[in-house]
Amino acid sequence: MNFLDGLLILSLLSVIVTGFAQKLRSAGWLSSVLLGLQCLLLMGMAGLAYGSPAVSSSFSVSVLGQPLHWQFNALSWFFALITLASALASSVYAAGAWGEDYRLQGGNPGLLQFALNLNVFAMLLLLASGDLLSLFVGWELVSWASLLMMVLAGGAAGRFGLRYIVYATAGAMAVMTGLVMIFQLTGSFQFADFAAIAPSLSNAQVVTFTLLFVFGFGVKMGLLPFHLWQADAYAETPGPGAAFLGAISSRMGLFAMLILVIQLIGLGRLINIEVPYSFFSLRDVLMWVAAFTIIFPTFTAMRQNDARLLLAWHGIGQGGYMLMGLLMVNPLGSAGGLMHVFNYASYQAVLFLVVTAVIYRTRTADLNQLGGLVTRMPLSFLMMLICIIGLAGIPPMNGFVSKWLIYRSLIVEGMPLLFVASVVGTLGTILSVYKLIHNTFLGQLRLEHEQIREVPWSMMIPMLILSAVVFITGFLPGIVLDWVASAQAALGIPVLEHTLGGVESPSGNLDMIWICSVLFGGFAVGALVFYSGNKSRRVHQLDNYAGGHFLTADDRYHYSNNFYAGLMHHIGHWYRGTFQWLESSLGSAISLLSAATQMLFNSFHPALFLLLAATLSLLFFAG
Amino acid sequence: MNPIEMNPVALQWLLYFGAMGLIVIGIAGVVLHQNIFRMVLALAIAEAGGNLLLVIAGFRFGAVAPILQDDALQTLNTSNMVDPVPQAMVLTSIVIGVGIQALALALIIRIHQRYGTLNMREVHACMMVDINKSAAVDDLLSAQQPRGRRPLPSPPESTAKRANNE
Amino acid sequence: MNSIVLNIALPLLVAFLLPLIHASSRIAARITGPLVLMVMMWSAVIVFKALEYPVSIALGGFLPPVGVSFHLDQLALLMATIIPLLMLLLWPYQYEQNLREQTVLLLLAAASSGLALSGDLFNIYVFYELISVASFGLAAANRQASSFAAAFRYLLISGLGTVLALTGIALIYTQTGTLNLAQLGLLSSRLDNPLGLSAFALILLGIGVKAEIFPLNGWVAEVYSTASTRTSALLAGLVSKLAVLAIVRILVVAYDDSEAGLMLLVFGVLGIIWGEFSAWRAQDLKRMFAYSSIGQLGMILLAFSIPGEAGMFAGIAMMLHHLVVKPALFLLTEKWNHGTDSLRGAARLSPLAAALFVLFALSLIGVPPLPGFWAKMLLMSGLVGMDTSVYYIALAVLMIATVVEAQYLIRIAVTLYSASDRSSELRLASNTGVMSLFAVVLLSALLTLTPLGSKLYHIAAESSNRALYIRTTFNVNPTPVLEHKNATQEASL
Amino acid sequence: MRNLTALLFSGGLAFLLMVIAWQFTLGDAPMLIGAAILDNAVKEVGAANLVTSVVLGYRGIDTLGEIAILFTAATATSMVLGSFAMTDEASETEQREDGSILGSSVRLFFPLLLTLGLYIIVHGHLTPGGGFQGGVILAGAFFLPLLAIPGRSINHGGIALVEGFSGAAFILIGLTALFSGQAFLQPLFEHGVIGHLFSAGSLPLLYIAVGLKVGAELSGLLANLAGISSHAAEAEK
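Chains as they are written, first to last, in the working numbering: chain A, 1 to 623; chain B, 1001 to 1166; chain C, 2001 to 2493; chain D, 3001 to 3237.
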């Protein structure tokens, strides 16, 4: 009985307990405590992140002659930490005032907590997978558990959840095909056996496996042609659930892809496979997929008028950075990709939670219906500010470090076009997160929002802690880089040389402590000048004038509708909804096919088909 | 003419062509007819073809029926007999055919009673209407494919008034 | 071993006498049927337990190949056990005025057992016909006009199928002069030519009518949506499997290593496409399940088209899985026979039934760790193992079909759990008890996956062993089941 | 269009079946089990009619299945056509006159047919014919009055009795063999002298059971069909 056994058993117990305790008032706190205990157990395995050998679970199951076992290494620990931390934050958030409110709105917070625990259990099982079969079992559990979370809200959520599960099943089928192919090659589902034959695979086999796994796991990540399901489904999920799903759920796809494509098949193989009639290698193709995944969803996010949708669309784009980083041979890139998982989870969770807090107070997430909340909910504003700085990848927050690593490695590896592509993506990010914070917290306060207050502490504390993480790991990225380096070692890829303040390697240096000191020194100077001048005067937020005229609160001068009209003038015609069109065409095609197949069953004389079948099959054999 | 004396090739043509022909005529009859009673008759023809084929399977030139009679009873000579197994099988399959046909006729009687028609197309249409009704589903064959019942547009006022006046 | 014929003789005997028993005592008539089924189950279990290696019994004391023989192997006995069990679960206990239906059900039980056990081509045909006639009766038992029409259309297709099968048998007999499967196996070189394969095609089409093979399944949706749910459950769950089993027996024993498997593959793939895509648009539960059952049968055929143990293992696993899941799903529709749109919010009123639906749906889609997943994985693994382009195409079709399947099943699940805009009148399905039993079976299969898997593997290894079949039938040196195999070898995929 | 397709494919099917059939040579039956039966049937079963020894001996289980099919068909038919009572009602409403020619000839034929049927059944193991053929004649005997003499109805209770017991008798004979340590449906008793009425062991008994069963089933079936159709005609008026 080691920590891993304890963690998995406790997680399973939490699922059962929260399942039965759904109706309890205190179900939320119960679930938070259970998740907290799981975090403690995970901390017990913290040695993994500092070089301890992998932990194997002491139980294993054998099905159809194939053993399934579970183990934890530094990579699993890294992902599990993110999972449990975001789950704990979401759980605490949902346990308090928000849960009460959710209950009053007709929801069942107990069920939400159950779904949360179920997701955590499924993810831990996936992260702990010690062979391909347990990986797939965990993978499917994750898929279906997140479906439960998505459809909790009912209504449109059901439709989006359904769409998700179609994509997820398609992906799962691709993965399963890949797995049984591996099984037929090696006769087992063990990682080691596949790794052993991986070098001797033919190019065609490598391409097949890569495409199958990238498609299968990429669906969950929202890689480009398969990204449509994600934003809608996450946006409709109840707030804390969305924070959790947005933070980590899609990254499970990245995790599985890491194991199969990068660890087992190996990037070296991908780089050596040329795409015919081009100068691309297979790896380059994937990187461009990642690049487009960064650009298109991010710019789609910019057009959203619902805060949740805006964030959810963003989440898709950020996945592209991670994949892009991890596809780099350079240790800088892979470290950036891995670290981005952590960073992104931290601020994405906070952002969703802040938006949920805004919804909690104002009952709307429509960016055209908000504004000026900064004085009403100052802490929330601050946290959103911290996190959008992180999301945009601007110092001093942690997002800067991971993006710097990725950019740096792109430059070092000599991939200027990809660099430009990712910078374009970052541009979109900055523009859209600015739209988010401007339309929510800045600008004109709406009269109906004048009386609202900051959210209760039960909701505030998780956000505060996570924002602190965003800041601290930005200031001292070495904390995370330690874990990342161990994870790199566990994956068997080059390890990043790092210090507490950043990176010190031949490929580039970064010292966040120094950067932050300079930055805050600059701020201090500015503040000194501002406050020593003492020329400012505080007025009420609704006390405004323009052009010599007083503006009453009824005048709408908050510029929110058709944000970025000038930019849209130039790029607006690029938004064509091609993917939507493709998806709906596919749906129509299936519908058409379905109608055609039903004609057989609606034929008034089915015996005709018997005649046809008899003739044709005789023709086949005797003819 | 005694068939044994016939040209074997001609006999083969006759028998196999007869058997296969009956089968095909039967199947084609079932498919081509719209009258369900005729379909059952066609089915009977097809079955007859199958049975004939079975009997032919045991046929031998110059052999007699596998029944010991008269002289053979004394000598117990069974060497010049045809294969008895197909004959037993044919017996079985004929009886099976009878059972199926009886049941088919009973069903036809009921269908005719309830639907008042023997035309397969009409029977099918009636049946589909019944099935759809019992399943509370719109007619799948109709063009109103988008799901969910759409309310009919209310008639123009003038016609509604006229209807009221009348 | 000989006592297994009781599984055929006893239900027939009671069925013949049931009207007379009914005339003397109604209560006796009511309990006789279930009693007989229990005895059948008991007898099958006893033989199953005593069976160490396959045994052939000669009926009438005439040794095969001259006489009719029953081939008792684990697969046959497994089916012989399942038949009465399933019938007990689906027995019409609560209806009055069901004497004839009970009679027909007993006849069906006898015929099904016979079909599972028989080792003679023509005997298989006879039992198959008995099943057919019994199922026509059951299909019409509802006494609705539509069920008469559906039963008639079913009868028509089935009757034509009979003719084809009979033609096929006649061709085989003309070619080989025998009907015993084992002897056909010995003579299989005579059948591995266009003539023999055509005969197989005709038999396949004939028996395939019950097995819901692709172009012959026009009756499926009609009959299942007009007959009583128990009948549908029985037809979809049991009868179709028995028909498949008969086909597989013929295929394995007499058409080993021939192109015949390819035909199964083609029909299987077409069945999957037709069934699943039709279900995608189905607007009421019964027809959706009917179409889905066609698709599932296609998958089963596909599995059996893979030669060797792998295919047999996958096929048996899929078959048993479907045998548990589909009857349960049909029972669900007993009260829910409405358009899918009107199911909105039904979960609130009947939470257990809705939860069971979700369980069965997930297993049907193949979500791990439910049994359906393992069955599907065996199938996929077998397909990949063939490493031929045709099988890869089949694999692709299977994948797409699974996605379609997931879409329509989860669509229903989501509808069930979505909020209702009006007070729904759909109450708890009355058969939740029986359905729960099915769920218990499914879940216990999940818990005992490892022993079950190895048991099924042994069964598959035994029934895919053609030489063993032939040896058993001619009673030459009865040998332990896996003598040729390393006995310690674990069951593996 | 449909008809054209059907015709085209029927033609194709006919052609293919002929292609298949042409590969056989007529009269060249392989006689694998056939020859074995011809050689051994006299010794093993002792019936002069070798077809009977196949029907009731070698393939007795097929015959059991066959009468079960007939029984199933009869049961299903009565299930479809409704309860027996309906026929009786129908016959009560009949008002037609009894045609004297028809009536008297039926009265003449009835015993003749009965005798013929029984004869064929009893001699099934000796001469062409047997339980099925005789059973059909018996059914004809019982059905004739129904057709010819309006208002005549069949005693369904009697039919049920006969069909139940005759079917049961067949199985019980088979089970007797089983419980006496032999195989199910193994012929019992001494073979006797081949060609005599009392020979071939239990085969004549089995054939009597089959004959009665078939007779009862078919009469029941025919009566059902006839009764309900006249009733339906009534209802249509």
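Be careful, since some hints might not be right.
No farther apart than 20 Å at their CA atoms in a straight line, the calculated lysine to aspartate or glutamate pairs in the DMTMM-like style are these [said to hold, decoys possible]: (1) A:K23 x A:D101; (2) C:K2455 x C:E2052; (3) D:K3043 x D:E3190; (4) B:K1133 x C:E2334; (5) B:K1133 x C:E2309; (6) D:K3043 x B:D1130; (7) C:K2049 x C:D2341; (8) B:K1133 x B:E1122; (9) C:K2455 x C:E2309; (10) D:K3043 x B:D1071; (11) A:K23 x A:E100; (12) C:K2335 x B:D1130.
Not close to chain D: a few residues of chain C, all C-beta gaps over 10 Å, as computed [stated by the list, open to error]: (13) S2025; (14) A2028; (15) R2030; (16) M2041; (17) V2055; (18) G2067; (19) R2100; (20) E2101; (21) T2103; (22) G2114; (23) T2178; (24) S2188; (25) L2195; (26) L2437; (27) L2443.
Partial chain B-side listing against chain C, Cβ under 8 Å, derived [to be verified]: (28) G1021; (29) I1094; (30) A1136.
Bear in mind the hints are in silico, worked out from the structure with no lab data behind them.
Predicted model, so just to flag it, every value in this text is computed and none were measured.
From the three backbone atoms N, C-alpha and C, an ideal C-beta is built for every residue, glycine too.
For each hint, the structure was consulted:
1. A:K23 x A:D101: The hint holds at about 15 Å.
2. C:K2455 x C:E2052: Measuring from Cα to Cα gives roughly 13 Å; hence the hint holds.
3. D:K3043 x D:E3190: This hinted pair holds, its Cα atoms lying about 11 Å apart.
4. B:K1133 x C:E2334: Judged against 20 Å, a Cα distance of about 16 Å means the pair holds.
5. B:K1133 x C:E2309: 47 Å, violated
6. D:K3043 x B:D1130: 61 Å, violated
7. C:K2049 x C:D2341: 48 Å, violated
8. B:K1133 x B:E1122: This hinted pair holds, its Cα atoms lying about 16 Å apart.
9. C:K2455 x C:E2309: 13 Å, holds
10. D:K3043 x B:D1071: Roughly 18 Å separates the two Cα atoms, so the pair holds.
11. A:K23 x A:E100: The hint holds at about 12 Å.
12. C:K2335 x B:D1130: 17 Å, holds
13. S2025: 15 Å, holds
14. A2028: About 14 Å separates A2028 of chain C from the closest Cβ of chain D, which puts it past 10 Å; holds.
15. R2030: 17 Å, holds
16. M2041: 19 Å, holds
17. V2055: 13 Å, holds
18. G2067: 5 Å, violated
19. R2100: Contrary to the label, R2100 of chain C does not stay out of reach of chain D, its closest Cβ about 4 Å off (not over 10 Å).
20. E2101: Answer for E2101 of chain C: violated, closest chain D Cβ roughly 7 Å.
21. T2103: 5 Å, violated
22. G2114: 7 Å, violated
23. T2178: 4 Å, violated
24. S2188: Answer for S2188 of chain C: holds, closest chain D Cβ roughly 14 Å.
25. L2195: 5 Å, violated
26. L2437: It holds; L2437 of chain C is separated from chain D by about 28 Å at its closest Cβ, greater than 10 Å.
27. L2443: 36 Å, holds
28. G1021: 12 Å, violated
29. I1094: Constraint on I1094 of chain B not satisfied, violated at 11 Å.
30. A1136: Because about 5 Å separates A1136 of chain B from the closest Cβ in chain C, which is inside the 8 Å limit, the hint holds.
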